[in-house]
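Go ahead and model the full structure; you've got the sequences and the hints to work with.
Residue numbers (numbering that gives the first Met the number 0), protein chains in the order written: chain A, 0 to 486; chain B, 0 to 211.
In short, the hints are calculated from the structure, not lab data. Every value quoted in this text rests on a predicted model; they were computed, and no experiment measured them. A virtual CB, placed ideally from N, CA and C, is assigned to each residue, including glycine. You may find that some hints are simply not true.
[Unchecked claim] DSS-like, lysine-lysine: derived pairs with alpha carbons at most 27 Å apart:
id, chain 1, residue 1, chain 2, residue 2
1, A, K437, A, K401
2, A, K437, B, K68
3, B, K161, A, K321
4, A, K348, A, K366
5, B, K161, A, K341
[Stated by the list, open to error] Among chain A residues calculated to face chain B with C-beta under 8 Å, some are:
id, residue
6, N281
7, G292
8, A293
9, I297
Here is how the chains run, residue by residue.
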Amino acid sequence: MAVQFDLGLHQFVEEAPCALAIVDAQMRYLSVSRRWLEDYGLDGADIHGKSHYEVFPEVPERWREINRRALGGETISANEDEFVRSDGRRHWLRWEVKPWRTPQGSIGGLLMFSHDFTKRKETEIALAESEAFRRATIDACPVAVITIDAEGRIMSFSRAATETFGYSEAEMIGANVNCLMPEPDHSLHDLYIRRYLETGERRIIGQPRKIRALRKNGEIFPILLTIREFVDGKRVFVGFAEDITSQEVTDQHLAETQAQLQHAARLGALGEMATSIAHEINQPLTAAASLAGAASLIVRKSAIAAAGEAGALIDEAVSEIKRASEIIHQMREFAKKRKTAKSLHDINKIIEDASAIALIGVEGAVKVEFRLGEDVGAANIDRLQIQQVMTNLIRNAVDAMKDSPEKRLTISTARRTGRVEISVADTGCGIAGGMKSKIFEPFQTDKPEGLGVGLAITRSIVDAHQGEILILDNNPQGAVFQVNLPA
Amino acid sequence: MRGRVYLIDDDAAVLRGVGALLAAANYRPTAFGSAESFLDAVPDLDRAQAVVLVDVCMPGMQGPQLLRKLVEIGVAVPVIIMTAHGDIQMAVNAMRDGAVDFLEKPFSADELTSALDRALSAAASNEPRAFDAPGEYRRRFEALTPREREVLAEIVDGRSSKAVARDLGLSPRTVEVHRRNIMAKVEASSFAELVRMTVLTSMASEAPTKGD
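Written out as structure tokens, the structure reads:
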């Protein structure tokens, strides 16, 4: 059935600011808007009188069905629909088809509107894809990643964050980030952000900082927090929070052991010095007291007038000398006070701890090898004192290799019948045969800054454990200090 | 001349000083710089009215080793050990090894002469172990209460009053009181004498059980 369109209507349709087509009941084009031609890439083509399906052979069956239904009187629309062209191009469309009627009231064909929002949709898809990618990246990050806005509200909360803090992401989105902080930060955090926004003064942004954080279960724990800021339309702060509980426990354990060892080493050095000084000074004091005593006797036997007075003065000198001796003795007693407090300790563990401390600052300069026997087990020892022995031996070994081309330190343990054997082997200058017996005496040192009491203390500790310490030659060069402890 | 004193010490100043004191106090001292040089000279030495005064700690042969050596070669000269001040354990060990007495360095003229005279008179009466009359000491020690004995055992081990107080669950002041009472009861004039008396008494009472 042919329908007459006047020119005015044609022009009206052609100029319509949307994609619009009018077809007859056989789906032949009666009139189309320029926009329709533009949207579907048909610029310049004359499609009047051609069938819609001839122009768009790729129209899927589902749409053909819709058109049939519309020709039956229905008005059908879709807000978002995808149209795949035969050349692979995709159109994202909002469309509507509705029948038009002849003056006689019968259906004369269809009005087809479409709005192509492919560009927007593609941007959306790209955005969604990049967001998914970003999200996957953040979730793969082993440290907690949290983004907040300028009001401190949480915008994203990574998978590691849920594991670290115990909250789900759903619980956290929109919440104030201060719920992850213990006091006083909890109350002050809003102020921190405000102050930063007002002054631009960076206090925590940029620099990794150790702070306390709060888990959902109320536990306060240490984190290493790094904050970065970026502007994405608005200001966004990203926090990277690493749970350093285990690291801190290790650090603390090491620091405590180190402090204890230093204290023990100071006491040990003092004791060793006091013992040596007491002996060395006591000799001249004895000579002085005896000489004075002799003088007193001689004066008293003599005929001089003031013999009694002089004798009394000399006796006073003797008692002062005795007092000096007593002071030294007390100092020695004080330093000797530390008793060995033995209990069962895992030898390998103690050696690992002591090595960690002794090797601080040596990392990289010396190749360290541990050969710890698996069956070494425990021995009845004073933990601190044996660690002191180990740190002394390890530091000596490192010092001995100062000028060696090859710096290799081997720390080994082994269980033998009735004893545990601990060896510290270096590739240093070695110890000459004659020095091997002397080296344990106090004040024997070749180090300008050393007191020379380290090995004396080492031996006295090993003695107190009923153990023995041996010096062997390392092959091809260097020395091996071997400590045998009863076990 | 009160007696011969063979003085052995590795420190030249000590030899000189103690030698001068001995001479001034009318003894006849002979000085040796080591136990070895003394042992070399022993065959030619006059052992009558003689005492060996030897330092406990010397390079080479030490005082206690010399003691054992003298016993081994049958030289019956009383030996007095000189110890560092406060080294009670060393003194106790030396006495168990056969020293007749010990002197804490530095010592006064009185401390030295009374120790020497005691040793000489005991040697003269040919009772090397009897000069201190352990029987008499034992009678005095028997007057001690069980608590005083506990305190005595600890302080003779060289422990401080504070440590003794901690070990026995007493206050340091109480330990001090016990200590003074002990000294008074056994009539010890000094701590060194208390140690000496304790060691001699315990050796005398150990002897029968050991001599089986």
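State the violated hints by number, sorted upward, taking the hints as numbered earlier in the document. none
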